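Visitor: Each chain is listed here by its residues.
2 protein chains.
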Amino acid sequence: MQNFDFYSPTRVVFGRGTENQIGELLKPYAKKVLLHYGGGSVKKSGLYDRITASLQESGIAFVELSGVKPNPRLSLVYEGIALCRRENIDLILAVGGGSVIDSAKAIGVGVFYDGDVWELYGTAREIERMLPVATVLTIPAAGSESSNGSVITNEEKQLKLSYDNDKIRPLLSAVNPELFFTLPREQLAAGVADMMSHVFERYFTNTTHTDLTDGLCEVTLKTLMKNALLVSGDMQNYDAWADLGFAGTVAHNGLVGMGRAQDWACHRMEHELSAIYDVAHGAGLAVLTPAWMEYAYRDNVNMFVQFAVNVMGVEGSYRDPDALVLEGISRLREFFRKMGLPATLSELGIGEDRLEEMAKKATKAAFGAEQPIGGLKKLYWQDVLNIYETVK
Amino acid sequence: MQNFDFYSPTRVVFGRGTENQIGELLKPYAKKVLLHYGGGSVKKSGLYDRITASLQESGIAFVELSGVKPNPRLSLVYEGIALCRRENIDLILAVGGGSVIDSAKAIGVGVFYDGDVWELYGTAREIERMLPVATVLTIPAAGSESSNGSVITNEEKQLKLSYDNDKIRPLLSAVNPELFFTLPREQLAAGVADMMSHVFERYFTNTTHTDLTDGLCEVTLKTLMKNALLVSGDMQNYDAWADLGFAGTVAHNGLVGMGRAQDWACHRMEHELSAIYDVAHGAGLAVLTPAWMEYAYRDNVNMFVQFAVNVMGVEGSYRDPDALVLEGISRLREFFRKMGLPATLSELGIGEDRLEEMAKKATKAAFGAEQPIGGLKKLYWQDVLNIYETVK
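As you go down the protein sequences, you meet chains C and W in turn. Take the first sequence: its position 223, counted from the start at 1, is 223 in my numbering, and no numbers get skipped. Take the second sequence: its position 306, counted from the start at 1, is 306 in my numbering, and no numbers get skipped.
It is possible that some hints are incorrect.
Because identical chains cannot be distinguished in the list, a pair is counted as satisfied if it fits within a single copy or across any two copies.
[Said to hold, decoys possible] Distance condition first, Cα-Cα at most 30 Å in a straight line; then the derived DSS-like pairs of lysine-lysine:
1) Lys360 to Lys338
2) Lys378 to Lys222
3) Lys167 to Lys32
4) Lys167 to Lys27
5) Lys32 to Lys360
6) Lys167 to Lys31
7) Lys32 to Lys226
8) Lys392 to Lys364
9) Lys43 to Lys31
10) Lys44 to Lys222
11) Lys377 to Lys69
12) Lys27 to Lys378
13) Lys32 to Lys69
14) Lys31 to Lys157
15) Lys167 to Lys157
16) Lys338 to Lys392
Calculated directly from the structure, the hints in this document are not laboratory data. Keep in mind the model is a prediction, meaning the values are calculated, not measured.
Taking the hints into account, I'd like the entire structure generated from these sequences.
Guide: Encoded structure:
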């Protein structure tokens with residue numbers, strides 16, 4: 001096990017009706033909040049009314065900034081920063097999924113950052129403070145409700161970069177699985193792939209003596225797969241949504257990756273897809289992850305045997321570890337297929353013409369100094385291109 | 001799954017050498033700390049010198065209060081409260097195991113409490129604020145390095161009571177598994193029983209649809225048992241101590257019990273033993289837990305079958321669930337025996353003369369209004385006495 005530093009202070013208020021407590025929960029921290037959300041669905045569902053009623057009951061004023069889109073845009077972040085400064089906002093309340101929350105985090109950081117907040121993305125630069133963010137989660141997927149990350153798309157530069165810092169974890173998140181009942185089926189599917197990937201990126205490691213976190217990863221993955229299929233069969237299954245949503249938070253609050261070298265190659269490869277083609281992050285991950293596994297597993301066969309056996313339930317002869325691994329990957333593909341997720345880039349509408357460009361951007365070869373990606377297996381741009389090619 | 005509220009903001013800085021960072025870690029929070037510890041072992045080991053050197057390097061002044069004993073005493077807490085007030089202390093640095101940390105928490109609460117801090121113990125009363133506590137952990141067992149609890153013994157009244165509140169979680173904890181190398185073997189054994197019990201108390205539940213936390217509990221228990229045996233065979237096995245210590249923190253930071261009705265009967269029954277006989281908490285738990293399982297399992301056989309199969313690795317016919325359960329309990333007893341833990345009260349030096357008194361104190365029958373204990377199975381004083389009797 002490696003040394004680690006775990007700090008995940010987000011308060012998670014979880015269960016039926018918790019969105020109605022938001023005013024009371026925020027009262028100690030804010031007199032005026034920025035209500036940040038996406039489009040009309042929060043209004044249609046009545047959620048907007050319940051949240052604004054809760055704020056008003058607690059005497060919390062609010063101004064609004066809506067219009068966050070999947071793969072949240074830097075231009076709206078700039079708008080939010082200006083608005084928070086102008087309106088003397090105390091806290092940003094993000095009502096939505098990962099895109100809204102990531103946008104809120106970027107705004108929160110930007111309000112107190114002396115410069116262009118985009119300068120921080122893709123770096124490990126420190127910040128002094130930020131405007132706190134709270135969330136009412138409407139889509140379990142990105143894990144941003146308690147994670148230390150924010151991913152923003154610079155639409156001008158066609159770049160999608162992240163900023164990670166324990167200081168940007170939300171102050172608190174209200175998570176009511178009932179809010180997930182009306183999600184479109186493809187968002188369920190993409191969300192599950194994203195949550196699983198958050199575990200995979202931490203699970204696949206060359207670090208040894210990691211019994212606890214191996215097990216935490218495996219349990220989280222099995223919970224996600226089992227309950228995704230249950231929800232898929234009944235979109236109003238509260239208990240299955242609750243386990244899925246809770247697992248999505250645990251998948252990305254940092255705990256299951258502590259003390260392990262992490263990978264993150266699949267996320268980096270996928271970010272190039274969605275930066276250019278604006279595809280659903282989880283759908284991109286579902287295409288790339290099994291392909292990455294096939295490409296990388298020979299570098300640490302035992303790790304992948306453990307995945308096949310402990311996560312995918314493969315049984316068989318340990319004298320043929322390749323067969324075990326390939327059966328595990330095949331079952332993962334089958335699971336993604338059952339969830340209705342794509343298996344190729346072409347199904348995502350991505351042609352072959354820009355694969356090399358994306359491979360070079362993922363590894364920074366496009367910007368002069370190539371930096372291989374991936375913790376378990378180092379991938380150079382040619383490797384990334386090879387992986388893209390296998391699933392074109 | 002039940003609604004829940006999870007808030008566990010303790011920063012855990014884990015790994016080799018982390019105790020030497022303590023001055024740097026505390027610098028943003030304190031100019032003057034109370035250094036709180038037990039006896040001479042921290043001086044003999046050189047830990048005291050390393051910690052005071054780290055504090056001095058960071059310009060942090062300190063005053064000392066040593067003398068914390070296992071089952072920490074209220075009288076020393078009073079002394080600490082007076083000292084902190086007199087010396088204008090900013091933060092209490094607990095160097096030790098659960099007893100030292102629990103004592104530090106009680107002092108921290110008491111400093112700002114307008115009244116006798118003992119009034120809070122055994123209640124759910126709210127507090128406004130406390131003096132923050134940081135820890136350098138020397139014994140993985142109590143989980144107090146990130147838990148929301150403090151257990152104090154009122155030596156005059158022979159009462160051992162706890163106070164639980166998310167506000168009393170430590171600010172940060174430095175955990176270096178190397179510090180555990182010199183622990184006496186019986187402290188390893190008692191510590192493991194305590195850590196396992198923190199999971200058992202959350203695991204055994206009548207709440208259904210708890211896939212994620214079922215799995216988290218099971219993984220934590222298996223990690224504890226496997227690595228306890230490894231350490232038992234080699235007290236300097238860093239990797240095994242690391243998994244054991246990390247699992248001990250996860251066992252008691254609250255996560256694995258979220259959304260579940262919890263039990264806590266074994267802890268309540270054990271507190272009566274150590275309040276009167278001053279036995280090691282973990283040793284008492286090792287005696288009582290299997291006896292409680294045998295007494296309680298018929299109230300929820302399926303829960304105990306899951307324990308037997310998923311935790312203890314029992315295989316067999318599911319058409320005879322009692323046999324599966326009893327085999328699981330038998331394997332747990334065998335594990336405790338291998339660790340050198342006692343199986344009877346008489347091995348702890350506890351006779352039969354005060355069993356009824358303890359049973360009546362545990363259930364408050366001794367104080368007029370009986371309150372049954374236990375979430376999975378309600379235990380009245382006669383039940384507690386029955387359990388004590390089976391292991392006398």
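Visitor: State for each hint whether it applies.
Guide: Hints, verified against the model:
Proximity of Lys360 and Lys338 under a CA criterion of 30 Å is satisfied in neither setting, with 32 Å inside one chain copy and 57 Å between copies. With identical chains, the CA atoms of Lys378 and Lys222 are at most 30 Å apart within one copy only, with a shortest distance of 27 Å there and 32 Å across copies. For the homomeric pair Lys167 and Lys32, the shortest alpha-carbon distances inside one copy (21 Å) and between copies (25 Å) are both at most 30 Å. In this assembly of identical chains, Lys167 and Lys27 lie within 30 Å of each other by CA distance both inside one copy and across copies; the values are 21 Å within and 17 Å between.
Taking the shortest alpha-carbon separations for Lys32 and Lys360, neither the intra-copy value of 44 Å nor the inter-copy value of 53 Å comes in at or below 30 Å. Both within a single protomer and between protomers do Lys167 and Lys31 lie at most 30 Å apart by alpha-carbon distance, with minima of 22 Å and 23 Å respectively. In this homomeric assembly, Lys32 and Lys226 never come within 30 Å of each other (Cα to Cα): the closest approach is 41 Å inside a single copy and 52 Å across copies. For the homomeric pair Lys392 and Lys364, the shortest alpha-carbon distance inside one copy (22 Å) is at most 30 Å, but the shortest distance between copies (69 Å) is not.
Within a single copy, Lys43 and Lys31 get their C-alpha atoms as close as 23 Å, which meets the 30 Å cut-off; across copies the closest is 50 Å, which misses it. Taking the closest pair of Cα atoms, Lys44 and Lys222 never come within 30 Å of each other, the shortest separation being 34 Å inside a single copy and 47 Å across copies. Taking the closest pair of Cα atoms, Lys377 and Lys69 never come within 30 Å of each other, the shortest separation being 33 Å inside a single copy and 50 Å across copies. Taking the closest pair of Cα atoms, Lys27 and Lys378 never come within 30 Å of each other, the shortest separation being 48 Å inside a single copy and 38 Å across copies.
When the C-alpha separation of Lys32 and Lys69 is checked against a cutoff of 30 Å, the pair qualifies only within one copy, where the shortest distance is 24 Å, while the shortest distance between copies is 49 Å. With identical chains, the CA atoms of Lys31 and Lys157 are never at most 30 Å apart, being 37 Å at best within one copy and 47 Å at best between copies. Proximity of Lys167 to Lys157 under the C-alpha cut-off of 30 Å is restricted to the intra-copy arrangement: shortest distance 27 Å within a copy versus 45 Å between copies. Taking the shortest Cα distances, Lys338 and Lys392 sit within 30 Å of each other inside one copy (20 Å), while across copies they are farther apart (56 Å).
Consistency note: the structure conflicts with the earlier hints numbered 1, 5, 7, 10, 11, 12, 14.
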